[in-house]
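Listed in order, the protein sequences are those of chains L and P.
For what it's worth, my numbering labels the leading residue of the first sequence as 1192, then goes sequentially.
For what it's worth, my numbering labels the leading residue of the second sequence as 1437, then goes sequentially.
Treat the hints as calculated values from the structure; they're not laboratory data.
Any given hint could turn out to be false.
Between beta-carbon pairs, the in silico distance windows are [claimed, not checked]: (1) L/Glu1506 to P/Phe1761: 54 to 60 angstroms; (2) L/Pro1512 to P/Gly1708: 43 to 49 angstroms; (3) L/Arg1459 to P/Glu1639: 34 to 40 angstroms; (4) P/Glu1446 to L/Glu1506: 47 to 53 angstroms; (5) P/Thr1506 to L/Ala1402: 29 to 35 angstroms; (6) L/Lys1388 to P/Gly1632: 28 to 34 angstroms; (7) P/Phe1720 to L/Ala1402: 38 to 44 angstroms.
For every residue, glycine included, the Cβ atom is placed at its ideal position computed from N, Cα and C.
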Amino acid sequence: MATRKTPETAAVDGANVSKDDLLKYYREMLLIRRFEEKAGQLYGMGLIGGFCHLYIGQEAVVVGLEAAAKEGDKRVTSYRDHGHMLACGMDPKGVMAELTGREGGYSRGKGGSMHMFSKEKHFYGGHGIVGAQVPIGAGLAFSDKYKGNDNVTFAYFGDGAANQGQVYETYNMAELWSLPVVFVIENNQYAMGTSVKRSTKSTTLFGRGVAFGIPGEQVDGMDVLAVKAAGEKAVAHCRAGNGPYILEMMTYRYRGHSMSDPAKYRTREEVQKIREERDAIEHVRELLISGGHATEDDLKAIDKEIKATVSDAAEFSKESPEPALSELWTDIYA
Amino acid sequence: MTGTIVKSNERKLTIARSMAEALAQEMRIDPTVFVMGEDIGTLGGIYGNTRGLIEEFGPERVRDTPISETGFIGAAVGAAQDGMRPVVELMFVDFFGVCFDAIYNLMAKNIYFSGGHLKVPMVLMTSTGGGYSDGGQHSQCLYGTFAHLPGMKVVAPSNAYDAKGLMTAALRDDSPVVYMYHKGLQGMGWLGTEPGATVHVPEDSYTVEIGKAKVVREGRDVTIVSLGIGVHHALKAADTLAQQNVSAEVVDLRSLVPLDRDTIRASVAKTGRLIVVDEDYHSFGVSAEVIASVVEHDLSVLKAAPVRVAYPDVPIPYARVMEQFCLPNPAKIVAAWAQMAA
Ligand SMILES: Cc1ncc(C[n+]2csc(CCOP(=O)(O)OP(=O)(O)O)c2C)c(N)n1
Ligand SMILES: [Mg+2]
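All chains should be built: construct the whole structure from the sequences, respecting the hints.
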C-alpha cells in the first residue's frame, strides 16, 4: 500500500495547491459522503430498493480525478456510481430521486441506483455487469479520437472487475489504437466478500498493463492531492496522443459491498483503523486547518451548507411523483 | 405442497438449505463433485445455497473464484469432460451474457459433437427473478433463453423438497443441467421470501426425476401451469377461485428441459382451459411453448383460448410501482380466468 507522505506526493501536499482548490475538494468529498449517508438512511426506511452500493471511503478518487479533467472529458463506471455522478456535477436531487425510483430521477425511475446517465455531464453510466463498462470507455475514447478532439475518457472499475476477460481485450485494443482513455482501477481491497489476495497473485493490478504496453502506476487513493497529481499526468499522456494510461487507486470502502452485506470477511478493527488513519476528508480538513486556510467555523459552515443540499435532495426524492405506468412502454426503442 | 403428509415434528428447510444439503450429501459419496463460484466458499453463496460446504470439504473442493465467469465456467466444461462433476454458480442469471459461449456452445454441445464419446456431467446453478427493485440487469428469469437451446437440461424448483431432489438428480446426471432457483423462494430473510417454498425435506438423499412435472393441486375447470415462484401465485389464485366455485388444477413444471408435455396435456384434456404463468418475458418463451404443447397435440380439448400471465416485453424497470405492475401475481391469474370464462 502506498502511504500518504511519499516524496512525490509531499511536493503537492500543501505547496502546490491553492486554498480555494483545497476547499473545493473538501466540499465535493463531503457532499458525496453526506449524500451516501442519507441514501443509506432512505434505504433503511424502505424508500430505496435493490442492493444500493455506497461510495463512502473512496471519495478522494473521483474528486481528485475530476480536478484533473476538463470540460468535454467523459466518464463511465460500475454500479458504485453515486460519487462519480456528484463529482462530475450531476444534480444530487436527480440522483437521489432515481434511487427512490421517481419521475424526477435521472432515468425517470427506470434505471435505479446502478443505471443513470447524463449526456450533459458526459457521464455514460452506471453499469451492473462487472467489467462491462471498460469496453464502453474505450468506445467513448475512440469516438473522441475519431472526431479529432482532445477529450479523454475515464473508465473506472474495481479490483474484482480487473479479473474479467473483457478488461484485457480492451487494454489491447486501446493501446493498439492509441485511445485516449484512463483506466482507473478503484482498488478498495475487496470484491464483495473476496479480498484481492484471494482473487489474484498479481502484486499490483496496474502492472498488468505492461503486457499490453500501457504505462500506469499505483496511487494513494485516499489522498485527493496525490490522486489529482496522478490524474494530471495520465490525462496529459492521453491528450498528447500517447494512448491509454492505468491508474490503480489504493482505496477502501467503509460500508458493506451493498446494503445487504454480512460483513464477515473483514474485522471491524480493520475498517476502524483505516477510517482513523487514512480518511480522505479528514486529511484535507487537517491541511485546511493546519495551513491556516480555514477555521473550524468556516468548515462548520460548509458542513451545514452541504447538509442542506443533501436534505433538499432527499426531500425532492420523496416528493417527486412515482412514474406513470404508461411510461413502461416508452424509451424501449429510440 | 410436496404431496407428502407433513407431521408437525418433521423438519422444514428453505430451498437454500436443501440445495446445500443435496450438495453435501453427494460430495460425501462422490469425490469428483466440486463447487466453484463467486463468494460460494467462506460466504456460503450470497443466497446461502453453499453454506457449510467449505467447512466440511475445504477450499480444494469448494472454490471461490475471481470474477471471471467465462474462465471458470469454461474450465468446468473441461473438468467435466475429464470425468469430474463440477457445480458452478452464476450468481445472477442476468450475468450469462459474460459467459454464454462456454454455456451454450461448449457445455451444451460437446456431448453431441463428440458423437457421444464425451460426457459433460456438470451443474450450472443460477439465481433468477425480481420483485425487490434491483433493476433490469439483476431481476430477469431468462428461462426461455436457456430452454431454447438444445443440449442442456433445465430445472426450476418451486419448493425445498423438489430443490433437494432435483439437485441430487442433476449431480448424478451425465448431461449438463442448468439449475435455476428463484431469489424470492430462497428463504433469505433480507430479501423477503415466499413461505410456501419452505417445506418438509427428508434427511436421506433422494432424487426428483428431471423431466417430470407435478400436479400440485387437482381441479376440474382450468389448468394453471407454472414454475418456480409462479407456482405459489397459482396456488393462491386457485384458493381465490375455489371461493368462486371454480376448481383450478395447478401444474408445477419443475423441469423445462425435458418438458413434461404429457402431464400438461392430460391436465388440459381434463379441464379444457389453460393459463400459463411465467415471470420470464411474455414473448418467445416458456408460456408459448406450454401452449404449443397443447394446441399442436389436440386443439379439440380446448374450451377457450389459452391465456398467458407473463412479464411484459420491456426491460425490467427499477421503480417499485412499475416493477410490481409488471410481475405476475395471484390477482392477475384470477383476472385471466375471468377473461377466459367471459
Ligand atoms: C459479470 C458479473 N459477475 C458478478 C457480478 C456480481 N458482483 C457485483 S459487484 C461484485 C464485486 C465487484 O468488486 P469490485 O470490482 O472490486 O468493485 P467494488 O464493488 O469493490 O466497487 C460482484 C461479484 C456482476 N454484477 N457481474
Ligand atoms: Mg473492490
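We went through each hint and held it up to the structure:
For the pair L/Glu1506 and P/Phe1761, the beta carbons lie near 26 angstroms from each other, so the given range of 54 to 60 angstroms is not met. Checked against the hint of 43 to 49 angstroms, the C-beta distance between L/Pro1512 and P/Gly1708 comes to roughly 45 angstroms, which is consistent with it. At about 37 angstroms, the beta-carbon gap between L/Arg1459 and P/Glu1639 stays in the expected band of 34 to 40 angstroms. The hint said 47 to 53 angstroms for the Cβ distance between P/Glu1446 and L/Glu1506, and at roughly 52 angstroms that hint holds.
A C-beta distance of roughly 18 angstroms is found between P/Thr1506 and L/Ala1402, which places it outside the suggested range of 29 to 35 angstroms. In this structure the supplied range 28 to 34 angstroms is violated for L/Lys1388 paired with P/Gly1632, their Cβ-Cβ distance being about 42 angstroms. Our hint of 38 to 44 angstroms for P/Phe1720 and L/Ala1402 holds, since their Cβ atoms are close to 42 angstroms apart.
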